[in-house]
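K.L.:
Based on these hints, arrange chain C with the ligands on the given structure of chain X.
As given, the protein sequences belong to chains X and C, one line each in that order.
Letter 137 of the first sequence, counting from 1, is numbered 137 in the numbering used here, and no numbers are missing.
Letter 242 of the second sequence, counting from 1, is numbered 242 in the numbering used here, and no numbers are missing.
Hints in this document: simulated from the structure, not taken from any laboratory.
Don't take every hint at face value.
As the list claims (entries may be wrong) - Derived EDC-like pairs (lysine to aspartate or glutamate); straight-line CA-CA distance at most 20 Å:
1. X/179 x C/150
2. X/316 x C/251
3. X/283 x C/150
4. X/16 x X/117
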Amino acid sequence: MAEILVLVDHVDGEVKKVTFELLTLARRHGDAAAVWIGPGYEGAKDKLAEYGAAKVYVAADEELTSYVVAPKAELLAQLVSEKSPAAVLLPATGEGKEIAGRLAVKTESGVLTDVVDVADGFVAEHSIFGGAIVSHAKVSKGTPIIAVRPNSTAPEASPSTPAEEQVSVSLSDAAKGTKVVEKVVQEKGERPQLTEAAIVVSGGRGVGGADNFKVIEGLADSLGAAVGASRAATDAGWYPHSFQVGQTGKTVSPQLYIAVGISGAIQHRAGMQTSKTIVAINKDSEAPIFELVDYGVVGDLFQVAPQLTEEINKRK
Amino acid sequence: MNIVVCVKQVPDTATERKLKSDDKTLDREAVDGVINELDEYAVEEALTIKEAHGGEVTVLTMGPDKAADSIRKALAMGADKAVHVTDEALHGSDGLSTSYAIAQVLKKIGFDLVILGSESTDARMGVLAAMLSERLGVPQVTLANKVEIDGTSLKAQRLTDYGFDRVEATLPAVVSVVEKINEPRYPSFKGIMAAKKKPVEKLAVADAEIDAAKVGLAGASTEVVDFADAPPREKGQIVKDEGDGGAKAAEFLASKKFI
Ligand SMILES: Cc1cc2nc3c(=O)[nH]c(=O)nc-3n(C[C@H](O)[C@H](O)[C@H](O)COP(=O)(O)OP(=O)(O)OC[C@H]3O[C@@H](n4cnc5c(N)ncnc54)[C@H](O)[C@@H]3O)c2cc1C
Ligand SMILES: Nc1ncnc2c1ncn2[C@@H]1O[C@H](COP(=O)(O)O)[C@@H](O)[C@H]1O
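So that you can see chain X by itself, here it is in the shape it has in the complex:
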């Protein structure tokens, strides 16, 4: 079977769930060959085996992660030319899409981003215009380069014993154009990652302040959920930007999305509209978020959310 390259998404060796989703998707269409870039492989190899990587290309050279994006594309381009994979799958994160873009230019291949499913013949499904239209597209030139939205495939374990191959690339000067001088991680505590979580509870301007976000966090923790925020809340500094959901934040597609004190502006909806079940708490019955919900409570979030949290904790 033809190999399908899967770019492993990890932060300093901690593998993101989207990687297991991509491996699962790759196995449906060929042999999944994971591409590991950067340090930390030893601690992560068992996870890649658990999700069925038939092969792992390991590129541990630190130089590959010392510059913005370009080195990763250069490494992948080398693998594409040496291994002639049937396709390359990447996570549709900000960086994943940029790597995909550069790789497309290097290999003169078509690129599809924000894909939610991949069918036979690498026909990619998109959910566009805020979820109003479902479309299918395919790559007609070169190697299909497909960036898949996190949380759109259910990861399935399928233990394997992957063959390992060390790979290296001598970077061009152009790939070393933008140096990363410091990495600042703003993750919070033990909660699931926003784009990976099965349940997301988001707070907006209605929450009214950074301290009040504990109401949102309490509800999230009762459900084992991730916390998200609207732009109004991140702009106000109540929550870090990396938790923003929407057009210019993260796109989430959880089983359950609970919007608390969020009006549901079009830019917010762009990032959560494909959630399976949507619940909102808002004191304004006219708020546009109610057009989307499966269940809505019109009321004061400081009454409704704590009561909901308490009920959930009671039923545990």
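P.N.:
For chain C with the ligands alone, kept in the frame of chain X given last:
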């Protein structure tokens, strides 16, 4: 400093956007075109940099004739001139061919700094800046929420999934900005009047040495196979809190097996 800002005209996100059944491209005629809102931040950043370091701001747009309206808006904000790449041959260009066409134009007009929005609200690919950096062989400083320029060196803060990176590069460079970076100015009446007299150079593919075979529907490397309206969401249940809203919501969650 020669600053070029890439601006795209997109359908207003608030309107109903449609694909055409014949060639499966976005129906740009049927809807109001507006400047991609994320590109307003790119224009603002270009103007701020010009104000601090001197130079000239050129707006670069590829799109149909009516995209001229979006160019005027950027000029009214304060950009000095514009280049409008427009040609029937460009219709249906995908990401790869758009980046090729725009890179050709940038090579022709020259630049110290190219600034883009983080993504277009219609295609939402977020790839063009990276592709231009690749094609032009200059540093990629993308998803920036802070940019500082000192002589020919550039420092920026790049938003990432986990927080942000501090990055450094030298000019010339391609920059893309996120909406956190600034507050775009409104065009003043004076600005709107002045914009009418600012030069807009129209380029056809041949004028910019763009190979027509590599752009448009014919040159595209991706193809839309089919599309359909998504099934409508079922209308949900909305209750008014009478002191038991939280408990009712919990019942709903239990009925869906979330708790
Ligand atoms: C270029 C651009 C990009 C953008 N990107 C994003 C993005 O990525 N994500 C995003 O979210 N937004 C984005 N926005 C902003 C978006 O347009 C809205 O301004 C934003 O989503 C509003 O946030 P909000 O719903 O929290 O605030 P508001 O619209 O102010 O809504 C607050 C809601 O809280 C309710 N409320 C207040 N108090 C209470 C209470 N005690 N109990 C219950 N309900 C209460 C109110 O009734 C109201 O409906 C973007 C805008 C632009 C121009
Ligand atoms: N046709 C175009 N003309 C000029 N700039 C464009 C065009 N398409 C995209 N851009 C720029 O590229 C950015 C990213 O677009 P995209 O990769 O399509 O999401 C936009 O914010 C614009 O700054």
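K.L.:
Would you mind marking each hint as holding or not holding in the structure?
P.N.:
These are the hints, each one checked on the structure:
no., hint, result
1, X/179 x C/150, "holds, 16 Å"
2, X/316 x C/251, "holds, 13 Å"
3, X/283 x C/150, "violated, 49 Å"
4, X/16 x X/117, "holds, 18 Å"
When the structure is compared with the earlier hints, a violation turns up for hint 3 alone.
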